[in-house]
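Participant: What follows is each chain in one-letter form.
2 protein chains.
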Amino acid sequence: MSEISSLGEFGLIDRLTANMPMVNASTILGVGDDAAILHHPADMEQLVTTDLLLENVHFDLTYVPLKHLGYKSAVVNFSDIYAMNGTPRQITVSLGISRRFTVEHIEALYAGIRMACEDYGVDIVGGDTSASNQGLVISITCIGEAPRDRIVKRSGAKTTDIICVSGDLGAAYMGLQLLEREKVASAGRKDFEPDFAGKEYILERQLKPRARRDIIEALAKADILPTAMMDISDGLSSELLHICKASGVGCRVYEDRIPIDYQTAIMAEEINMNLVTAALNGGEDYELLFTVPLTMHDKVKALDNVRVIGYIAKANEGCAMVTRDNTEITLRAQGWNPLAEQTAEQDN
Amino acid sequence: MSEISSLGEFGLIDRLTANMPMVNASTILGVGDDAAILHHPADMEQLVTTDLLLENVHFDLTYVPLKHLGYKSAVVNFSDIYAMNGTPRQITVSLGISRRFTVEHIEALYAGIRMACEDYGVDIVGGDTSASNQGLVISITCIGEAPRDRIVKRSGAKTTDIICVSGDLGAAYMGLQLLEREKVASAGRKDFEPDFAGKEYILERQLKPRARRDIIEALAKADILPTAMMDISDGLSSELLHICKASGVGCRVYEDRIPIDYQTAIMAEEINMNLVTAALNGGEDYELLFTVPLTMHDKVKALDNVRVIGYIAKANEGCAMVTRDNTEITLRAQGWNPLAEQTAEQDN
Numbered sequence: 001m002s003e004i005s006s007l008g009e010f011g012l013i014d015r016l017t018a019n020m021p022m023v024n025a026s027t028i029l030g031v032g033d034d035a036a037i038l039h040h041p042a043d044m045e046q047l048v049t050t051d052l053l054l055e056n057v058h059f060d061l062t063y064v065p066l067k068h069l070g071y072k073s074a075v076v077n078f079s080d081i082y083a084m085n086g087t088p089r090q091i092t093v094s095l096g097i098s099r100r101f102t103v104e105h106i107e108a109l110y111a112g113i114r115m116a117c118e119d120y121g122v123d124i125v126g127g128d129t130s131a132s133n134q135g136l137v138i139s140i141t142c143i144g145e146a147p148r149d150r151i152v153k154r155s156g157a158k159t160t161d162i163i164c165v166s167g168d169l170g171a172a173y174m175g176l177q178l179l180e181r182e183k184v185a186s187a188g189r190k191d192f193e194p195d196f197a198g199k200e201y202i203l204e205r206q207l208k209p210r211a212r213r214d215i216i217e218a219l220a221k222a223d224i225l226p227t228a229m230m231d232i233s234d235g236l237s238s239e240l241l242h243i244c245k246a247s248g249v250g251c252r253v254y255e256d257r258i259p260i261d262y263q264t265a266i267m268a269e270e271i272n273m274n275l276v277t278a279a280l281n282g283g284e285d286y287e288l289l290f291t292v293p294l295t296m297h298d299k300v301k302a303l304d305n306v307r308v309i310g311y312i313a314k315a316n317e318g319c320a321m322v323t324r325d326n327t328e329i330t331l332r333a334q335g336w337n338p339l340a341e342q343t344a345e346q347d348n
Numbered sequence: 349m350s351e352i353s354s355l356g357e358f359g360l361i362d363r364l365t366a367n368m369p370m371v372n373a374s375t376i377l378g379v380g381d382d383a384a385i386l387h388h389p390a391d392m393e394q395l396v397t398t399d400l401l402l403e404n405v406h407f408d409l410t411y412v413p414l415k416h417l418g419y420k421s422a423v424v425n426f427s428d429i430y431a432m433n434g435t436p437r438q439i440t441v442s443l444g445i446s447r448r449f450t451v452e453h454i455e456a457l458y459a460g461i462r463m464a465c466e467d468y469g470v471d472i473v474g475g476d477t478s479a480s481n482q483g484l485v486i487s488i489t490c491i492g493e494a495p496r497d498r499i500v501k502r503s504g505a506k507t508t509d510i511i512c513v514s515g516d517l518g519a520a521y522m523g524l525q526l527l528e529r530e531k532v533a534s535a536g537r538k539d540f541e542p543d544f545a546g547k548e549y550i551l552e553r554q555l556k557p558r559a560r561r562d563i564i565e566a567l568a569k570a571d572i573l574p575t576a577m578m579d580i581s582d583g584l585s586s587e588l589l590h591i592c593k594a595s596g597v598g599c600r601v602y603e604d605r606i607p608i609d610y611q612t613a614i615m616a617e618e619i620n621m622n623l624v625t626a627a628l629n630g631g632e633d634y635e636l637l638f639t640v641p642l643t644m645h646d647k648v649k650a651l652d653n654v655r656v657i658g659y660i661a662k663a664n665e666g667c668a669m670v671t672r673d674n675t676e677i678t679l680r681a682q683g684w685n686p687l688a689e690q691t692a693e694q695d696n
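Here the protein sequences come in this chain order: A and B.
Going by this note's numbering, the first sequence wraps up at 348, each residue one higher than the last.
Going by this note's numbering, the second sequence wraps up at 696, each residue one higher than the last.
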């Protein structure tokens with residue numbers, strides 16, 4: 001294992017970014033100067049998003065492998081670009097590295113970031129690397145592009161639009177509960193073998209999420225332009241409220257329409273948690289939530305991995321979930337609030 | 349004083365970004381969606397740079413006011429864009445905030461960032477805000493623009509080019525020494541009044557650096573396009589070596605040509621430090637180091653606040669400083685290495 005101080009900042013950056021061909025025509029110059037140089041086509045807008053991930057706030061290295069962490073750190077940014085109906089093209093990667101990390105640790109983290117970039121066709125064009133005397137700090141900024149008339153904001157939802165969601169919800173949160181449970185069970189036991197049998201899906205949803213490029217491509221192919229869209233990082237309730245607030249509308253979603261995987265259901269039962277609460281408020285699913293005009297209903301129904309879960313109502317009707325027994329429950333943002341009291345329980 | 353948890357992430361962001369008009373035509377949509385939307389003109393390249401600043405690694409809140417810290421955090425990014433001969437246009441601001449900060453603290457930090465943006469005509473278009481259970485974390489990414497044929501990289505210096513530097517060097521480092529000295533002197537003394545008389549300049553250089561937009565504008569006005577350029581953040585020696593390595597050349601700089609302010613000299617004498625070492629290796633001056641063809645010598649000499657300090661040599665002649673007694677001393681990068689052993693002494 002190699003001490004990072006033996007390489008220094010520039011040596012470490014050289015090592016991490018070696019043999020990294022740029023794949024996008026819009027990347028003119030990558031790592032190595034005061035700034036990267038990009039040139040996005042004249043008919044494209046640029047999209048910019050950024051995420052800050054802090055050790056023991058956003059991730060726990062007790063059970064998150066560094067390579068997975070790197071992968072996820074990049075993918076959550078790509079997800080924000082897809083949520084605008086764009087294509088991610090470049091990222092910058094800033095790392096604050098505490099002394100307990102070796103060069104090999106950081107190479108594992110970076111290998112995950114690079115793998116995500118390869119999977120999604122994104123170039124690493126810059127960054128900053130520093131010592132941290134706190135924990136690991138990861139700050140990634142992603143730049144993407146989209147034609148102006150294809151960009152989808154949060155603010156375009158109209159009354160009578162239908163509300164759609166991709167994939168299924170609550171799985172990443174249940175994966176986190178599983179990891180936390182096994183962490184507690186393993187405390188102080190060297191020979192401990194965590195029991196993940198039959199829970200591979202929720203584990204992968206937590207540790208190696210994907211950004212829904214496939215849905216963006218399917219929508220384009222089906223000639224469907226959503227009226228509003230965002231990705232579900234803080235939970236369905238929270239994101240629905242964002243769209244409704246930005247669009248000046250209300251909504252109704254149906255409890256029995258919310259897509260949930262059976263592994264999510266089994267885990268919720270094992271830990272005695274309300275399943276719908278998990279699906280509404282569990283974060284980190286990185287599924288796409290979007291609205292389309294009612295006239296698109298048949299087109300949307302024909303798509304794989306997309307479920308219609310409700311409709312956009314008038315603002316004065318508020319935002320509510322209609323339960324199986326036809327009761328209306330007002331939606332509240334109970335998702336992860338990273339600025340609330342910082343207790344382990346609230347870490348999602 | 350208000351607890352940050354009382355506002356939550358979105359409430360805090362709303363408060364920080366209220367009444368923030370966008371000033372650049374290239375900013376289509378700022379804070380508030382999954383990503384910002386930009387549209388840089390077709391005849392411009394985009395420049396992207398990022399800096400990560402960590403408490404007790406890059407700054408010490410014992411003596412750095414939060415507003416100054418915010419100002420400096422933004423300006424160091426602008427400096428990187430000017431160093432490419434570009435114009436900064438947008439930034440994203442990510443903050444990791446530990447529990448000891450109140451809303452008013454973060455407003456002071458943000459006020460500094462906003463003031464810097466106003467001074468340099470830059471829009472804040474996004475960011476991320478999170479709890480930190482470590483210290484304060486500031487990650488800023490800046491996007492700028494420049495016409496392709498005006499961008500200046502590190503790699504264009506040619507043999508016989510002359511080497512120029514703006515302003516003066518070593519002052520920010522001496523300002524830091526002053527602050528450290530007064531911090532030590534004040535330890536445990538409630539009635540302590542720091543003695544900054546006659547040292548206002550070096551203090552300002554450390555606490556409120558400026559990016560040299562004026563030099564970029566003066567170069568353009570004089571029709572001088574540097575062959576290579578970068579900003580001096582890690583020290584003159586380190587940056588000269590970067591330019592020489594990237595350009596495949598060597599260099600000679602003259603000790604008696606290195607610009608040093610008299611306050612810098614007085615402080616160096618007070619703490620018994622070699623003045624030239626401070627000027628060569630002290631970081632954070634954010635002056636511009638650039639090379640121009642020898643034919644531009646008279647044009648450059650006519651500029652205010654620019655000094656010719658040496659010339660570009662052949663690669664096999666190496667990189668050296670010529671002392672007052674005509675000895676050649678090989679240049680070494682002894683500037684701040686943020687990944688070396690983390691002792692307080694090496695914090696610049």
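Treat each hint with caution, since some may be false.
What the hints assert, rightly or not - Under 10 Å between C-beta atoms, here's a sample of chain A residues computed to sit facing chain B:
1) N56
2) Y63
3) V64
4) P65
5) L66
6) H68
7) I81
8) V93
Derived by calculation from the structure, the hints in this document are not laboratory data.
Glycine included, C-beta positions come from ideal geometry on N, C-alpha and C.
Participant: Does A/H68 hold up as a contact with chain B if the rule is Cβ-Cβ below 10 Å?
Facilitator: 20 Å, violated
Participant: The hint names A/N56 as touching chain B; please verify it with the least Cβ-Cβ distance against 10 Å.
Facilitator: 6 Å, holds
Participant: Was the hint right that A/V93 lines chain B, CB cutoff 10 Å?
Facilitator: 8 Å, holds
Participant: Return the status of the interface hint for A/L66: holds when the least beta-carbon distance to chain B is below 10 Å, violated otherwise.
Facilitator: Nearest chain B Cβ about 17 Å off; hint violated.
Participant: Can you verify the interface hint for A/P65: is its Cβ closer than 10 Å to any Cβ in chain B?
Facilitator: Violated: closest Cβ of chain B sits about 21 Å from A/P65, beyond 10 Å.
Participant: Min Cβ distance, A/Y63 to chain B: is it shorter than 10 Å?
Facilitator: 18 Å, violated
Participant: May I ask you to test the interface hint for A/I81 with respect to chain B, counting a Cβ-Cβ separation under 10 Å as satisfied?
Facilitator: Hint on A/I81: holds, closest Cβ of chain B at ~6 Å, below 10 Å.
Participant: Is the hint on A/V64 kept, meaning its closest Cβ partner in chain B is under 10 Å away?
Facilitator: 16 Å, violated
Of the hints listed earlier, those the structure fails to meet are numbers 2, 3, 4, 5, 6, in rising order.
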